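Protein sequence lines correspond, in order, to chains D and B.
Residue numbers are given in the UniProt record's numbering: position 87 of the first sequence equals residue 87, and the series is strictly consecutive.
Residue numbers are given in the UniProt record's numbering: position 33 of the second sequence equals residue 33, and the series is strictly consecutive.
Just so you know, the hints here were simulated from the structure itself, not pulled from any lab data.
The structure presented is a predicted model; accordingly, all values stated were derived computationally and were not measured.
Please note that the accuracy of each hint is not assured.
Unchecked claim - Straight-line distance between alpha carbons at most 20 angstroms, and here's what the computed DMTMM-like set of lysine to aspartate or glutamate pairs gives:
(1) K67/B / E8/D
(2) K73/D / D35/B
(3) K12/D / E79/D
(4) K19/D / E79/D
(5) K129/B / E44/B
(6) K121/B / E40/D
(7) K101/D / E8/D
(8) K73/D / E44/B
(9) K67/B / E93/D
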Amino acid sequence: MFRQVIGEESKKIKNVVEKGIVKRFSESIGDLHPIYVDEEVGRQSRYGRNIAPPTFPRVFDYGEIEGLHLPNKGLIHGEQIYHYERPLLVGEELYCYTQVKDYYEKEGKNGLMCFLVTKRYGEDVQGNVIFTEEATIIITEKVRKAMEV
Amino acid sequence: MSKLVELQTGDRLEQITLSPVSRMDLIKYAGSSLDFNPIHTVDEEAAKAGLPGIIAHGMWTMGNLAKLFTPYYEEGFIQDYQIRFAGMVFLNDTVTLQAEVTDRASDNLLFDVKAVNQHDKSVIKGSIKFKLLKDE
Numbered sequence: 001m002f003r004q005v006i007g008e009e010s011k012k013i014k015n016v017v018e019k020g021i022v023k024r025f026s027e028s029i030g031d032l033h034p035i036y037v038d039e040e041v042g043r044q045s046r047y048g049r050n051i052a053p054p055t056f057p058r059v060f061d062y063g064e065i066e067g068l069h070l071p072n073k074g075l076i077h078g079e080q081i082y083h084y085e086r087p088l089l090v091g092e093e094l095y096c097y098t099q100v101k102d103y104y105e106k107e108g109k110n111g112l113m114c115f116l117v118t119k120r121y122g123e124d125v126q127g128n129v130i131f132t133e134e135a136t137i138i139i140t141e142k143v144r145k146a147m148e149v
Numbered sequence: 001m002s003k004l005v006e007l008q009t010g011d012r013l014e015q016i017t018l019s020p021v022s023r024m025d026l027i028k029y030a031g032s033s034l035d036f037n038p039i040h041t042v043d044e045e046a047a048k049a050g051l052p053g054i055i056a057h058g059m060w061t062m063g064n065l066a067k068l069f070t071p072y073y074e075e076g077f078i079q080d081y082q083i084r085f086a087g088m089v090f091l092n093d094t095v096t097l098q099a100e101v102t103d104r105a106s107d108n109l110l111f112d113v114k115a116v117n118q119h120d121k122s123v124i125k126g127s128i129k130f131k132l133l134k135d136e
């Protein structure tokens, strides 16, 4: 049902690794380490600044892909992969977008399972990719029928 | 705390057992991640989805698991972090975070990582490649 959007991309959106949001996010995963939140510790560190936790890119805006409308309920998160060239620096600007990498179907014991693989990118101001995030989302037969597609 | 670079294949990081999962944990994560899927916070919505109760965001558990490595950022950083969501985490579950070295090279360490519940069942599992940075 999503085969036609394979390869489609969203437009790049500017995001800022915002200090207050990094703090709130770190707290919510029980990881208020000084490297994330203490400015002096950040300055003294090898990165010269505070950094963000590796799963932080969930909070960024990646824009919308035309023709890709997912339900907000019932999706199963199957797999998640991050790749980093370096940690994200607090205060930096990143340009983020998303791409449909793959879509496939498998017959399972509860009917047809659909797998949607999306890949998100975060680039620095010069256009270097700093991180990527790949997610596999599983759409079960029940959810697919509710979508009426 | 020993240095990561001194670890050998088969060595484990000191595991962390989290406090039992509370509703407030999940409300806070929903707010910070902007993932407001109601199966994580609203009992009725979880029941409607056929679940025995609200479940933790998989990404909450994945976020927690990474903190085993947070003390080591002066040695390097998590370059690759791959996770498969293998089971659900319910309210009051006690999750333990684990990492074991599976391979090492001159500039990186590979770990098997997982989070297990109080029944010793993996709820998420995967691998981390920790890139070692040279001292300047």
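Okay, the hints, checked on the actual structure:
no.	hint	in the structure
1	K67/B / E8/D	violated, 34 angstroms
2	K73/D / D35/B	holds, 11 angstroms
3	K12/D / E79/D	violated, 24 angstroms
4	K19/D / E79/D	violated, 28 angstroms
5	K129/B / E44/B	violated, 40 angstroms
6	K121/B / E40/D	violated, 40 angstroms
7	K101/D / E8/D	holds, 8 angstroms
8	K73/D / E44/B	holds, 13 angstroms
9	K67/B / E93/D	violated, 24 angstroms
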